[in-house]
Amino acid sequence: MSGGEWTIDGIAHALSVPEQRMKFLRDINMTPLTELPAVLDRWVRHVTALEAARPRIEALRGQFQETGQLPAEFEETEESVAAFDELRERTLAATPERGAA
1 MSGGEWTIDG IAHALSVPEQ RMKFLRDINM TPLTELPAVL DRWVRHVTAL
51 EAARPRIEAL RGQFQETGQL PAEFEETEES VAAFDELRER TLAATPERGA
101 A
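Counting from 1, position 37 in the sequence shown corresponds to residue 37 in this note's numbering; the numbering is continuous, with no gaps.
None of these hints come from the bench; they were simulated from the model.
Backbone N, C-alpha and C fix where the C-beta goes; we use that ideal spot for every residue, glycine too.
Take these hints with a grain of salt, some might be off.
[As the list claims (entries may be wrong)] So the derived label-pair ranges between C-beta atoms look like this:
id, residue 1, residue 2, range
1, Thr7, Glu66, 33 to 39 Å
2, Ala72, Gly4, 33 to 39 Å
3, Pro18, Gly62, 21 to 27 Å
4, Thr34, Leu92, 27 to 33 Å
5, Asp85, Trp6, 32 to 38 Å
With the hints as extra help, turn the sequences into a complete structure.
Printed below as a string of structure tokens:
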């Protein structure tokens with residue numbers, strides 16, 4: 001939907017990961033109306049960045065399918081493992097338990 005007016009449906013369809021789409025829908029359904037514009041702006045920025053990165057992501061996916069390897073800049077390092085672990089811990093801490101009502 002690049003360049004046009006975003007709609008809730010358009011944002012949802014731009015999120016190809018089901019969990020991310022559900023988080024978006026949960027965010028807009030649970031947000032007070034006064035805070036909704038800011039939440040929608042945040043999601044529009046996210047999907048706009050995702051769309052901008054899509055060609056690079058697809059090129060990397062193609063390279064990996066052809067060679068079985070990613071460029072050296074994507075090699076796992078101690079720092080990248082630590083950063084991922086920290087991100088995972090923060091995400092798990094901020095995510096309500098599945099199945100909780």
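Assessment of proposed distance window 27 to 33 Å (beta carbons of Thr34, Leu92): 29 Å, holds
Pairwise beta carbon distance, Ala72 to Gly4, judged against the given window 33 to 39 Å: 38 Å, holds
Range agreement (Cβ of Glu66 with Cβ of Thr7, hint 33 to 39 Å): At 37 Å between Cβs, range holds.
Consistency of beta-carbon spacing, Trp6 to Asp85, with hint 32 to 38 Å: 34 Å, holds
Range hint 21 to 27 Å (beta carbons of Pro18 and Gly62) holds or violated: 23 Å, holds
Going through the hint list in order, the structure satisfies each hint without exception.
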